[in-house]
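2 protein chains.
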Amino acid sequence: MPPSHSVPHDAVAGQNGRVRVVIEDVSPSVDGGRFPAKRVVGDLVIVEADVFADGHDAIGAVVLHRPADRDHWSEVAMKPLVNDRWSGQFSVDALGRHCFTVAAWIDRFATWRSGLRKRVTAGQEVAAELLIGGDLIHEAAVAAAGFDAQRLDELERRLRDSSNGPAALALAEDEDLARLMFRYAPRRFAATYAPELGLTADRPKAGFSAWYEMFPRSAAPERRHGTLKDVVARLPYVASMGFDVLYLPPIHPIGRSYRKGRNNAVEAGPDDPGSPWGIGGPEGGHTAIHPQLGTLEDFRDLVAAAQRHGIELAMDVAFQASPDHPWVREHPEWFRKRPDGTIQYAENPPKKYQDIYPFDFECEAWESLWHELKAVFLHWIDQGVRIFRVDNPHTKPFSFWQWVIAEIHRDHPETIFLAEAFTRPRIMERLAKIGFTQSYTYFAWRDTKHELTTYLTELTRSELREYFRPNLWPNTPDILPESLQAGGRPAFMARLVLAATLSGNYGIYGPPFEHGWSAPREPGSEEYLNSEKYEIHVHDVERPDSLRHFIARVNQIRRTTPSIAHAAALEFHPVDNEQLICYSRASPDRSDVLLVVVNLDPWHVQSGWVDFAVERLDLPSNRPYQMHDLLSDARYLWHGNRNYVELNPQVAPAHLFRLRRRARSERDFEYYL
Amino acid sequence: MPPSHSVPHDAVAGQNGRVRVVIEDVSPSVDGGRFPAKRVVGDLVIVEADVFADGHDAIGAVVLHRPADRDHWSEVAMKPLVNDRWSGQFSVDALGRHCFTVAAWIDRFATWRSGLRKRVTAGQEVAAELLIGGDLIHEAAVAAAGFDAQRLDELERRLRDSSNGPAALALAEDEDLARLMFRYAPRRFAATYAPELGLTADRPKAGFSAWYEMFPRSAAPERRHGTLKDVVARLPYVASMGFDVLYLPPIHPIGRSYRKGRNNAVEAGPDDPGSPWGIGGPEGGHTAIHPQLGTLEDFRDLVAAAQRHGIELAMDVAFQASPDHPWVREHPEWFRKRPDGTIQYAENPPKKYQDIYPFDFECEAWESLWHELKAVFLHWIDQGVRIFRVDNPHTKPFSFWQWVIAEIHRDHPETIFLAEAFTRPRIMERLAKIGFTQSYTYFAWRDTKHELTTYLTELTRSELREYFRPNLWPNTPDILPESLQAGGRPAFMARLVLAATLSGNYGIYGPPFEHGWSAPREPGSEEYLNSEKYEIHVHDVERPDSLRHFIARVNQIRRTTPSIAHAAALEFHPVDNEQLICYSRASPDRSDVLLVVVNLDPWHVQSGWVDFAVERLDLPSNRPYQMHDLLSDARYLWHGNRNYVELNPQVAPAHLFRLRRRARSERDFEYYL
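Protein chains in written order, with our numbering: chain A, 1 to 673; chain B, 1 to 673.
Chain copies aren't distinguished; within one or between two, either way the pair holds.
Here are the simulated SDA-like pairs of lysine to any residue, each with C-alpha atoms no more than 20 Å apart in a straight line:
#, residue 1, residue 2
1, Lys351, Asn392
2, Lys337, Ala127
3, Lys337, Ala365
4, Lys79, Phe90
5, Lys337, Leu136
6, Lys337, Gln354
Think of the hints as simulated: they come from the structure by calculation, not from any bench.
This one's a predicted model, so the numbers in the text were calculated from it and none came from an experiment.
Work the whole structure out from these sequences, hints included.
Right, here's the structure in full:
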């Protein structure tokens, strides 16, 4: 059996049995400490632990923390909460891995002081106590130096000379003495929780980002193959909507063998451009750019131009090869052979995907494969990319991702990895645990109030919130959900508001989103008809029916509501109508509150009473307060906990209320008195 | 950061990156594997784990288990449940520590077979598949020997020779082939969960025991100091009530200095016998017997006589010394000195307990102290004792208990330790984690339906059930709860039924319990008036108003209801009356069901409708079933889920219903047709 982690092993073996303090259940912790929790730089990390000892002695406890690459621990004192739970906090200021743990010990001075207080209160003789206390202070004075040592010497002398119990107690309870004793008194037989726990501090964008996905080859203003330069020209449009991440599907050369045609036809026509995910042709593979899109220089220009618009480029990384990928020829050892000597194509029997060769991660040459795939990331990092959207990571080994993300983060801790895995829960969770910065979710399939509330509660209230950062997408090139197929413009607006305010990270796939594309390839399908995955489109981004201005408004509200970045800041509120969902996001001090109400029914006006407990918001319960709908700019006076809302989806399916504390009343009026 | 425990460390370091299977969240597990779960010999251990890999390949998984002192692992196959959760089970047959873990791998044969099935179903060509499958079987044949190898050779040949897809599939799905492949096919790149988890298998009495506590000095039939021989004479009485553990408060010499008088008076009178917990006098300490009780030989006779009555003796272990204890003189290094050179007595300022010297576990000589205390256990083990009730373990270091229990269990794994800690929850839990076999609980203070349901649900549905074995006591020499002070005979009966049926382990302190002692020392106190802790009583155990026959009946019902030993077998059922509590205990196959209904109101008749879902019991919903009250021997016909109960506390405050499936109906009648 493994020994207890918090009773030092040697305590049981007989070396350190005098350690009496026990430390258990330290949080935040993922899988009992197997994986780091996630935070962003600047976050306050609240560490809690169960800390206790036998008997009734007082305990001292600290959080120890350090960046993983330093040896020096910083410490902050912990305070007891209730039921032997202690809490301490520190802020993470540096990117990358941090370690933390908890140390605790019997605090002899505090134990003595508390006994003295009880004895003095009971009028008992305390002469012996003053001797004991004096010795404790003396011990600390010896450990101290300079002014602190002098001060302790003086306090010791004054304690020993105390004329009576109450005078001694006053001295013992001196705050300065407490501070000095905490600092210098020897911490005999201290326990330290093991193993250390980990924390990854990402940059703020890891927790707060608005993504826009578009196909660069459909970026041209007229009917031709779009280019990276066309994408540059489209940047002002993307920026005007308020997005800060521009994500491009793969921009590499596309294979010709078994190329798929429009609407995923098995055979491509001569002019069909193929799927960008069929990566690799004679022109190159994962580090090359499709010639019709432009050059590596064009790409670097795009990265720079985007930056000037406050937009960061996100690169698609899809680790698979078309039969024409150079690696197929250069590294046949990375692919699995069939009995006839040909290379094994992708299959999900009885379906065959002959246009795709998966890598064989069980091959003998797995190490060179890992290193080459890592080199792909480094290549694009060299071009200025720091965000990667990883395609289907759940079809490659977890151990590879854990390794490659750690490798990249070692030198580039600012890199963000988004896991595009729409698969079983344990698998999605594992990818987040082993290092993916953000994760796609089931949001596209969560429509009703019950579904949304249950799912977001799981994401923000369970251990998931320590490591799984949801990135909510109402649509993707692969997913045109039923809600958008059926609900028309109100559904698009409602889904956008939900995605943008339920999570710090969200994204849309446009222009199909803002243009309201809603036709599936066939009834019952979630694939787009005439999907951009297989053909080029021309988008008139100036279309008057575009949702671009609505989207811009929502993104602007997001930017002024930093609490959207914090999972803990999401709280649902009851509404007596199943079609209305209501939730709030509040700043830690509750001075800023955004209350969101969405009508989930895109066809009918819905109304109901929102139950929003104002007591916790420091609002006078006997005076109205103002709710300012940032979408319509309308202002409402609300009163108490229950207020009426009514949303006409044809006008606007949502309220985004900013709570306005009323600054003035008649008492503030100049002539009042 | 510690590496992931389930992706092998070297996978990330670059040595074993081909391990694709992940194993997470293995249960049972206490504190993430820091402590062993508890079971009793003969238990079926159900091991569950999340097991998955990237991609769509089939997975094989096994539970590995072994006694901790053996090297050889046994394995049992696991089966998938839902959401990547797998389950496997084994029974523990040997006392003591066991280790277990989970291993899993990509099952190439099962993957191949499932692909073949889909291809054959779709009418696809399978020639290449037969080559691949043949190679897989061949590989296993090479690993096998004897008949198994021949059989695999033959199956390989037949597969390769298959005339068509369906024929090949029939062969591939042969059960014998599946069995042989599971056994012999190489498990390439298998993952093993680390660290191993632990399990303590105790003897059955650890999970199922009925305790009777009595003061031996009050065992005499007439007014004098009782002896161990008197206890022998009382054994038939204890056995007649159905108890199988007889627990005696300390039987050691009692200190004279600062001895407490009757009702805890500060000064004892000349004839006051003192508290048995004031251990140690000139006659000896923890290994001696109080001369007025008898000799060591008498003690051994008592152990043997008890055994003949099916009763096991439980010894009190209270690690503290009276000022007259021989160790005070022989080992002053084990006690803390006050500044005036005297030994520090027990204190909870401003209270002083000058009759008790606590050991100083922080002393320099802590190792010799630990060894001497261990010797106390061994001394009584030598006299035949295998059950220890440990007094106030929470005032001695956890590390000591962890060490001493492990030491004793190494040679005497049948030893049972009951922790008498009535303190904060984390501390009580810790004592159970580090090795105590059974634990006292808050049961004495849980009176209402809500309190009882909440508390027992916590004990039987949270992680606690893996390691914390409750031992429920309605009273102890220290605790005469308010419910018993006020409720009279019905309260005693109700509390007995609750204790005896809510937990596998329970006990009473008698004769005060069966004789209904209800007077507190003073109003608001939970101490007994004229407590046996400080004076000798004579008990007429033949009193006609004794509850002994009721207790005997309840214990007899317990013995015929083995599901009472299993925390998981406890289920609460709604009753529409807050004074009526209802719960059931069912055998794993639900063939035996005990339904308990208790009226918690000792003063009034209470009635209500019990909601007891019969669908899950294989009872025909359209026919009545019989409820046989084992307490009154009355039989009721119930029908469907909701049935009426009415309990008059003056008659009997509880039903203990055994569900009787009706054996016959009119269709079974001889002339029916």
